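**Q** Listed below, chain by chain, are the residues.
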Amino acid sequence: MALDTVGAYVAQARELLQDTAGVQRYAAGSLKDALGFSLMEARRLRPDLFIDGTVQAVENTTPDATAVVIDPQYRMALIYYMVGHMMLRDEEESMQQLARAYKAQFGSQLVSIAV
Amino acid sequence: MALQDRLFQEIRVTCPGVTDDLIAHALWETLDDVCRDAWVWRETIEVPLTADDVTYTVSVPGAEIVYPFEVSHTTLDVSQSVYEFGTLALNPEVPSAADVAEGPVYLVAALAPSLPSGSDLGDANPVGPVEGWIPRDLWSLLHQTLTCGVKERLMAMPAKPWASAQMAAYWHRCYRSHKAIERRRAQIGNREHVRTWNYQPFLVPSRRQ
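For the protein sequence lines, the chains are Y and F, in the order given. If you count the first sequence from 1, you need to add 2 to reach the working numbering. If you count the second sequence from 1, you need to add 417 to reach the working numbering.
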């Protein structure tokens, strides 16, 4: 999966969230919001990835076919942020730890070599 | 294979995770520095003469003059000419019709790539394709200098996967060394055995007098 579009990010995040059944637990709009937040966070940590100074706006109504412009080396980091962000809503302690781990993975993948 | 592909490949391997846009950005900054500081890009510019006119506007497309080395003409004495802010003022002689017939004035100058008017400084590559920034032969001549300079800039950045203060200091020393060699090459005009120093004058008036 090339992770070129908003839809591809949402589908990949659902894989890690084990949310691919017919009745889905996480709404597509929420996942798209999380993708938008991940781009904002990536802009804070790595401004060089957005060297023209603009951050692409992705919201819950953004069409699935919309292209997400970011270097392929850092696309998986956005997935980890999305997954971590969705897990934050769970109240179980184990899910909270997992959410923190995914968000930490996002940060370390952006600013360090070994993750 | 484009001329600068070798340089980009070297940087991609040495700085894992770096993007091509950022390499182009760092390359532009390094090239600007090395052209201004080490005078690596030198050209002879022809300035057509007009009789009785001593000031001429000199411009080079895609570049700006950072240091004028020499002004010369076949018959006209232009030994005290001055170049400032894009204008060449001939001195001490004023060109006559006979001088104009002898041909243009030659200005030897160090150049640096310039941003075209209207370009957006926020762009990673503000002046179009990298290959057109400097003459083709300079890409191979300056390969090591530019590689060291770009690595230094990239590795000195905070919070990047490839950042390393230790390696940034190492590449900084390499870059300075290469720049010094290029600067000396500019001063001696690519000739060997050129003396670049002079004896002190025999009688130096004392400042106390």
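Since the hints were derived computationally from the structure, they do not count as laboratory data. A quick note: this is a predicted structure, and the numbers were derived from the prediction, not measured. Cβ atoms here follow ideal geometry from the backbone N, Cα and C, with glycine treated the same way. Be careful, since some hints might not be right.
Pair ranges (Cβ atoms, derived) [unchecked claim]:
hint, chain 1, residue 1, chain 2, residue 2, range
1, F, Ala582, Y, Gln75, 33 to 39 Å
2, F, Arg423, Y, Thr7, 30 to 36 Å
3, F, Asp437, Y, Glu93, 42 to 48 Å
4, Y, Gln26, F, Asp454, 57 to 63 Å
5, F, Leu558, Y, Glu61, 49 to 55 Å
6, F, Leu558, Y, Ala106, 31 to 37 Å
7, F, Arg593, Y, Gln26, 48 to 54 Å
8, F, Arg601, Y, Thr7, 35 to 41 Å
9, F, Ala586, Y, Glu61, 42 to 48 Å
10, F, Glu460, Y, Gln75, 37 to 43 Å
11, Y, Thr68, F, Asp437, 47 to 53 Å
**Q** Next step is simple, just say for each hint if it's right about the structure.
**A** Status of the hints after comparison with the structure:
no.	hint	verdict
1	F/Ala582 / Y/Gln75: 33 to 39 Å	violated (23 Å)
2	F/Arg423 / Y/Thr7: 30 to 36 Å	holds (34 Å)
3	F/Asp437 / Y/Glu93: 42 to 48 Å	holds (44 Å)
4	Y/Gln26 / F/Asp454: 57 to 63 Å	holds (60 Å)
5	F/Leu558 / Y/Glu61: 49 to 55 Å	holds (51 Å)
6	F/Leu558 / Y/Ala106: 31 to 37 Å	violated (46 Å)
7	F/Arg593 / Y/Gln26: 48 to 54 Å	violated (59 Å)
8	F/Arg601 / Y/Thr7: 35 to 41 Å	violated (54 Å)
9	F/Ala586 / Y/Glu61: 42 to 48 Å	holds (45 Å)
10	F/Glu460 / Y/Gln75: 37 to 43 Å	holds (39 Å)
11	Y/Thr68 / F/Asp437: 47 to 53 Å	violated (23 Å)
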